[in-house]
Amino acid sequence: MVGLVRAATVIALKDLSLELRTKTAFASGLVFAVLVLAILFFSRDPTAVASRDIAPGALWVTFTFASILGLNRAFVLEHEQRAMDAILLAPIPRSAIFWGKFAGNLVFVGTIEAVSIPLFVVFYDVAVWPYLPSLLLVIALATVAFVAVGTLFSAIAVRTQYAEMMLPLLLLPFLVPPLVGGVQLTARVLDGRPLSDLGGWLRLIGGFDLAFVTLAALLFPVVLED
Amino acid sequence: MQTRVTRWSNRSHVVVARRVPVPVVATRGLARRYGYRPVLRDVSLELYAGQALLLVGPNGAGKTTLIRVLAGLLRPSAGTVERHAPAGLVGHDAMLYPVLTAAENLRFFARLYGGDCLSRVEPLLERIGLADRAHDRVATFSRGMTQRLGIARALLHAPTLLLLDEPLSGLDDKNRQLVLALLTALRDDGAALLVVSHQLEGFAGVASHMARLADTKLGPVVALDGRDPSAVFRELGA
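Top line first, the protein sequences correspond to chains U and W.
Numbering-wise (my numbering), the first sequence opens with residue 1 and increments by one.
Numbering-wise (my numbering), the second sequence opens with residue 1001 and increments by one.
Next up, chain W with everything else stripped away, as it sits in the complex (with noise of 0.2 Å):
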């Protein structure tokens, strides 16, 4: 778990440092608003390393908006937003060039963060299944194979913030439960995930918590405790 060392003193002397879990994204009172539209309202949130938040609600509820305030893209209207780790976002759009290959494509946003990035481009193939095709253009591919690809893309930087918006969509039973390994054992391997997703069966053995969006507001964040998801949303008043 990450920690921030907090120290305080008196006129004299430093008495003692404290460690306080830290979480890995924060939000406070968070209002996100398009035009005079308010998407997001008062939203507070926090997720720490390990957990795995699914968040679920109606279309248009503002979920990805909150996905896109958290990984940086959007300013918050109102509010604050705490982020302690780089983010690695997988969207509705696989944020990839279809004209380059799977290769050349993860070695482009390799080279732009730096870092060992550009030694995890191979293994990273071959934990999505895509090492055959590594040399294929990403307009070949279909869209599970894309969606796939761009998970690849989001973990280059192994990011501990991991915001998923619908990361199942367009995948068949094999690849489903491919991508739900993979987001498990990122989970188990500290990784902070925020997964939004109409599909909830999937994320029983994923998700550690879960919390309804509607009405620009977020309900309270509930924890699973080995429940399923499904009844969970019921009990949500979804």
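So here's chain U without its partners, still in its complex pose (with noise of 0.2 Å):
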């Protein structure tokens, strides 16, 4: 039997390399970025908002709906031509499938989320380089509890009839908590605040993502069941 580790890391390689050839995903999520980021900063009033007090909301809106463009897609090539059946019938842990596509989803989400900073940064003019480490771990704690409950969502959305509109409504009221931990701690942080002060925000993010992980690798095998 091909272990857990390897298995999955054939199978993110596979997804990454299918998307590096379509380009669709990242391309959809690029130019939906650019469209919140756009649209969220020339809706405010600028003589009542200040860009910023609207800037980190704006940042976690556009991360959520670019990276569900991604996530959609991340069984559907597996759906089209049942390479899934193949993929089951191969001498793999089952657990090494979530493995495989949390880490292609987080790569995916991670380089959306890389390519949206500095747009945000050009739009609502905020100085993100003294607290960059900061903020990259908020970003990155976030970014794990909502991936892996999307990786999840997303093997039972394909399934159904309608898949592009079954996972946003599956998806959205389980993001709510790290989502409002994001913004939350992304606001605190670019307000120049030190993590020392923002542990509670830390933990309760921190708990989402061990919850959401180990509960998303637990179920998953099941949602591959007939």
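Think of the hints as simulated: they come from the structure by calculation, not from any bench.
Note that this is a predicted model, so its numbers are computed, not measured.
Backbone N, C-alpha and C define an ideal beta-carbon position, used for all residues, glycine too.
Going by beta-carbon spacing under 10 Å, a handful of chain U positions derived as facing chain W:
1) 2
2) 3
3) 6
4) 10
5) 11
6) 14
7) 17
8) 18
9) 21
10) 22
11) 82
12) 83
13) 85
14) 86
15) 92
16) 96
The task is to assemble the complex, starting from two chains supplied on their own in separate frames and drawing on the hints.
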């Protein structure tokens, strides 16, 4: 039997290779990110609301919806010609499929986030450089919870008739806690508060990471049952 | 032929070892339902190494469901399935990634199977007549070429149980002969084959046995003994 780490790596590399080949999810995610950042920026009254007041919310709305576009595609290619059946026949632990998909999705969402941050700086005139390590930690923590539950629900949604509509419906209620944490922490970090002052929020998001990743990894093999 | 060594003992010492043939796959009282609708009922079947069972039956009889249960993709609702070998599956869909090339598809699945599967990629592409298209995307392939590549994918781990659902669909005469010759060679090498097909005439030289699945139940498994499957098909009351 092929080991879990090796099988997960093979699956993640295949997913990234498919995305590099087509670039459909990345291109649509990126276009969406630019649009959301721009629309939210121009929708405020600059005499009444400072751009940095809405910046944390704008950043996380952008991350969330741009990433859902990618998560929606995570299992579509497996579904088109039932390639998942061939993967399930391979002598690999079924949890390796989750970890492979999770890793591939993390790289995809991370790339969308990495491209969105400079755009965010340009639009919202926020000085992120002094706080970059703290900001990256906050983004990484919230992203892990987001991608774990997104990977699980993407596998469920692809088997329904209206997969692209179903994923946000299933996913968004579960994203409220980590997203609220992400917005709150981002606002405080951009205000210059040190991470040592933010222990409560960090522990909350860390707890969601642990719970979501564990539950998603445990439930994923059940979701694959026909 | 695969064998299982059965040992037993009296109180003081092991008496003897007995060798009994072991089916590559065996089902006992297998049933499968979708919701409340039964698709398979009380299916008992044994398939041994070197046998090729041609399974026939009307559309919706449960043939594909039986293949998916035997492959391990579906759980039986009742009964047991014992599989003593890894299965290779050729289904209605090729189970490939259209965006990847033929070689990339096979290499991906070979890495998941591990062992020396990667070394079989090139020979398999040669064997199914796609070596010259190895670096073309599957999206550019005809239905027949995709079908042949799907067969190569199923053979990557040299399975001793091969489950084929309409393996000749979409193939022209030349490639039909190529696939039939490949299946005959696999059977002669000791693989057990279970083939679902409506194109009986092609399987005269391949199938050793035949059975009919209808109304959720499997009929008797009949040895062909060189007879034409179409003639036996009529005998089975189909």
